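Chain A is already provided as a structure; the job is to place chain B on it using the hints.
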Amino acid sequence: VVTTDEVWEALAEIPDPEIPVISIVDLGVVKHVDVADGTVCVDFTPTFMGCPALDAMRLAMEARIADLGATPDIRVRLDDSWSTDDITQEGREKLRAAGFAPPAPRAAGKLELVQLQRGFRCPYCGSTSTRLENLFGPTPCRSIRYCEDCRQPFEQFKTI
Amino acid sequence: MDREEAYHRMHAEMWVDRLLATDEGRTRLEEAVEELWPYALGVLDDALRPELVARAQEKLGRALLDVEPIPRGVHEAELAELWEEMTSVRRSAPAGARW
Chain A
1 VVTTDEVWEA LAEIPDPEIP VISIVDLGVV KHVDVADGTV CVDFTPTFMG
51 CPALDAMRLA MEARIADLGA TPDIRVRLDD SWSTDDITQE GREKLRAAGF
101 APPAPRAAGK LELVQLQRGF RCPYCGSTST RLENLFGPTP CRSIRYCEDC
151 RQPFEQFKTI
Chain B
1001 MDREEAYHRM HAEMWVDRLL ATDEGRTRLE EAVEELWPYA LGVLDDALRP
1051 ELVARAQEKL GRALLDVEPI PRGVHEAELA ELWEEMTSVR RSAPAGARW
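These protein sequences, in sequence, are chains A and B.
Take 1 as the starting number for the first sequence in the numbering used here and just add one per residue.
Take 1001 as the starting number for the second sequence in the numbering used here and just add one per residue.
Only chain B is shown next, with the shape it has when bound in the complex:
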């Protein structure tokens, strides 16, 4: 599914470029990277991490700290209820709604 995933990566790149275009954007992006970098690394397996590191460093123009990845957690019971609620409208008209 590399073809489709490429769009998600490019979407992120566009947002990073927009944020880097202003001082306030850059500051806030840097703060967010600081906070979320271990989680971002945790989403990927060992083989894919170096590419993310290289791309992020190139965009930010600086080296990123070598932190320990925080692996993805597991969903708890609350998600089932939330999922039920969030998808109820679509399920109410499986063959497509008519307005």
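So that you can see chain A by itself, here it is in the shape it has in the complex:
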């Protein structure tokens, strides 16, 4: 019989389809796991609207749960309850080690452009002389910044 701990461990081995250095558990998208009568229910939340990785994540979870000998029942929560604040501390470290600046914590109030222009740390040299190059990087969840000191572009996970 499969336990919820085994399911969590199996899900923790699934890499994020777009940023494979972190797992979908590190990303904080798996909200709830429930095991009953050979069926594993998983609640998970989309990150950004229209993120193409959603289907890939669902299929990967179904495959892992089937490997455990259980029937998967993956439920996508259709709300916007996921936030970059849900990324685990371990996940943030993995992002930084892979050259992604982790997202800043969510601030109270409306996000304004001026807050994003300056002050983010370069994951390569640690300088805070970085500027925003483009809000949309290779995926909707990442923006592109440029470090004025080591003269390298780098990607930042956007705060939502």
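None of these hints come from the bench; they were simulated from the model.
Mixed in with the good hints there might be a few duds.
What the hints assert, rightly or not - Pulled from the structure, derived: some chain B residues nowhere near chain A, Cβ distances all over 12 angstroms: (1) Asp1017; (2) Ala1021; (3) Asp1023; (4) Glu1024; (5) Trp1037; (6) Asp1066; (7) Val1067; (8) Arg1072; (9) Val1074; (10) Leu1079; (11) Ala1093.
What the hints assert, rightly or not - No farther apart than 25 angstroms at their CA atoms in a straight line, the calculated lysine to aspartate or glutamate pairs in the DMTMM-like style are these: (12) A:Lys31 / A:Asp67; (13) A:Lys110 / B:Glu1004; (14) B:Lys1059 / B:Glu1005; (15) A:Lys31 / A:Asp85; (16) A:Lys110 / B:Asp1017; (17) A:Lys31 / A:Glu18; (18) B:Lys1059 / A:Glu133; (19) A:Lys110 / A:Asp85; (20) A:Lys110 / B:Glu1005; (21) A:Lys110 / A:Glu133; (22) A:Lys110 / B:Glu1058; (23) A:Lys110 / B:Asp1045; (24) A:Lys31 / B:Glu1004; (25) A:Lys31 / A:Glu62; (26) A:Lys31 / B:Glu1005; (27) A:Lys110 / B:Glu1051; (28) B:Lys1059 / B:Glu1004; (29) A:Lys31 / A:Asp79; (30) A:Lys110 / B:Glu1013; (31) A:Lys110 / B:Asp1046; (32) B:Lys1059 / A:Asp85; (33) A:Lys94 / B:Glu1004.
This one's a predicted model, so the numbers in the text were calculated from it and none came from an experiment.
Backbone N, C-alpha and C define an ideal beta-carbon position, used for all residues, glycine too.
Frame of chain A; chain B shown alone:
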């Protein structure tokens, strides 16, 4: 979804700032605003229009003409075919491609 939409608004602001930084950019931006303003108003409902007007006027530093919004149209049959074509690669590897 205001959190995520905020990034789209800021992305537009960045482009407007870049265009306003040169004479040629400003001219071309003004021409585009002239042409597309009724459509931009048409994307939003009545409640949201005043904020767009206020933000655009502040950026451009001038009052915008009070034009009638042109509502969004409906997609015609051609879109289905185009959509099929444009999304076929992603659908060909639903669990993620391996290279």
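Hints versus structure:
Its beta-carbon lying about 9 angstroms from the closest one in chain A, Asp1017 (chain B) breaks the requirement of being farther than 12 angstroms from that chain. With 12 angstroms as the threshold on Cβ separation, the claim that Ala1021 (chain B) sits away from chain A holds: the shortest Cβ distance comes to roughly 15 angstroms. For Asp1023 (chain B), the shortest C-beta to C-beta distance to chain A comes to about 23 angstroms, beyond the 12 angstroms cut-off, and the non-interface label holds. Every Cβ of chain A is farther than 12 angstroms from the Cβ of Glu1024 (chain B); the closest lies at roughly 21 angstroms, confirming the non-interface assignment.
At roughly 22 angstroms, the least C-beta separation between Trp1037 (chain B) and chain A is larger than 12 angstroms, which holds for a residue marked as non-interface. Annotated as non-interface, Asp1066 (chain B) keeps its C-beta farther than 12 angstroms from every C-beta of chain A; the closest such distance is 27 angstroms. The non-interface label for Val1067 (chain B) is consistent with chain A: the shortest C-beta to C-beta separation is roughly 27 angstroms, beyond 12 angstroms. Every beta carbon of chain A lies more than 12 angstroms from that of Arg1072 (chain B), the smallest distance being close to 18 angstroms; the non-interface claim holds.
No beta-carbon of chain A is positioned within 12 angstroms of the beta-carbon of Val1074 (chain B); the least distance is around 21 angstroms. Non-interface status of Leu1079 (chain B) relative to chain A is upheld: no Cβ of that chain comes within 12 angstroms, the nearest being about 17 angstroms off. At roughly 9 angstroms, the least C-beta separation between Ala1093 (chain B) and chain A is not larger than 12 angstroms, which violates its mark as non-interface. With a CA separation close to 21 angstroms, the supplied pair Lys31 (chain A) and Asp67 (chain A) stays within the 25 angstroms bound.
For the hint linking Lys110 (chain A) to Glu1004 (chain B), the alpha-carbon distance of about 11 angstroms falls within 25 angstroms, and the restraint holds. Restraint check for Lys1059 (chain B) and Glu1005 (chain B): satisfied, since their Cα atoms lie roughly 19 angstroms apart, inside the 25 angstroms limit. For a cut-off of 25 angstroms, the pair hint linking Lys31 (chain A) to Asp85 (chain A) stands: about 13 angstroms separates their Cα positions. Pair hint Lys110 (chain A) plus Asp1017 (chain B) holds up; C-alpha atoms about 20 angstroms apart against a cutoff of 25 angstroms.
Between Lys31 (chain A) and Glu18 (chain A) the alpha-carbon distance is near 20 angstroms, which keeps this suggested pair within the 25 angstroms criterion. The straight-line distance between the Cα atoms of Lys1059 (chain B) and Glu133 (chain A) is roughly 20 angstroms, inside the 25 angstroms bound, and the hint therefore holds. The hinted pair formed by Lys110 (chain A) and Asp85 (chain A) meets the criterion: a straight-line CA distance of about 16 angstroms does not exceed 25 angstroms. Our distance criterion of 25 angstroms between C-alpha atoms is met by Lys110 (chain A) and Glu1005 (chain B), whose separation comes to about 11 angstroms.
With a C-alpha separation of about 21 angstroms, the suggested pair Lys110 (chain A) and Glu133 (chain A) falls inside the 25 angstroms cut-off, and the hint holds. For a cut-off of 25 angstroms, the pair hint linking Lys110 (chain A) to Glu1058 (chain B) stands: about 18 angstroms separates their Cα positions. Pair hint Lys110 (chain A) plus Asp1045 (chain B) holds up; C-alpha atoms about 21 angstroms apart against a cutoff of 25 angstroms. A distance of roughly 20 angstroms separates the Cα atoms of Lys31 (chain A) and Glu1004 (chain B); the hinted pair therefore holds under the 25 angstroms criterion.
Our distance criterion of 25 angstroms between C-alpha atoms is met by Lys31 (chain A) and Glu62 (chain A), whose separation comes to about 15 angstroms. At roughly 23 angstroms between alpha-carbon atoms, Lys31 (chain A) and Glu1005 (chain B) fall within 25 angstroms of each other, so this suggested pair holds. Distance restraint check for Lys110 (chain A) and Glu1051 (chain B): the Cα-Cα separation of roughly 14 angstroms lies within the 25 angstroms cut-off, and the hinted pair is therefore satisfied. For the proposed pair Lys1059 (chain B) and Glu1004 (chain B), the alpha carbon gap of about 22 angstroms is at most 25 angstroms, so the pair holds.
A C-alpha spacing of about 12 angstroms is found between Lys31 (chain A) and Asp79 (chain A), which places the hinted pair at or below 25 angstroms, so the restraint holds. For the hint pairing Lys110 (chain A) with Glu1013 (chain B), the CA-to-CA distance comes to about 15 angstroms; that is within 25 angstroms, so the pair holds. At most 25 angstroms may separate the alpha-carbon atoms for a hinted pair to count; Lys110 (chain A) and Asp1046 (chain B) meet this at roughly 22 angstroms. Taking the CA atoms of Lys1059 (chain B) and Asp85 (chain A), the gap is about 32 angstroms. The hint is violated against a cut of 25 angstroms.
Pair hint Lys94 (chain A) plus Glu1004 (chain B) holds up; C-alpha atoms about 24 angstroms apart against a cutoff of 25 angstroms.
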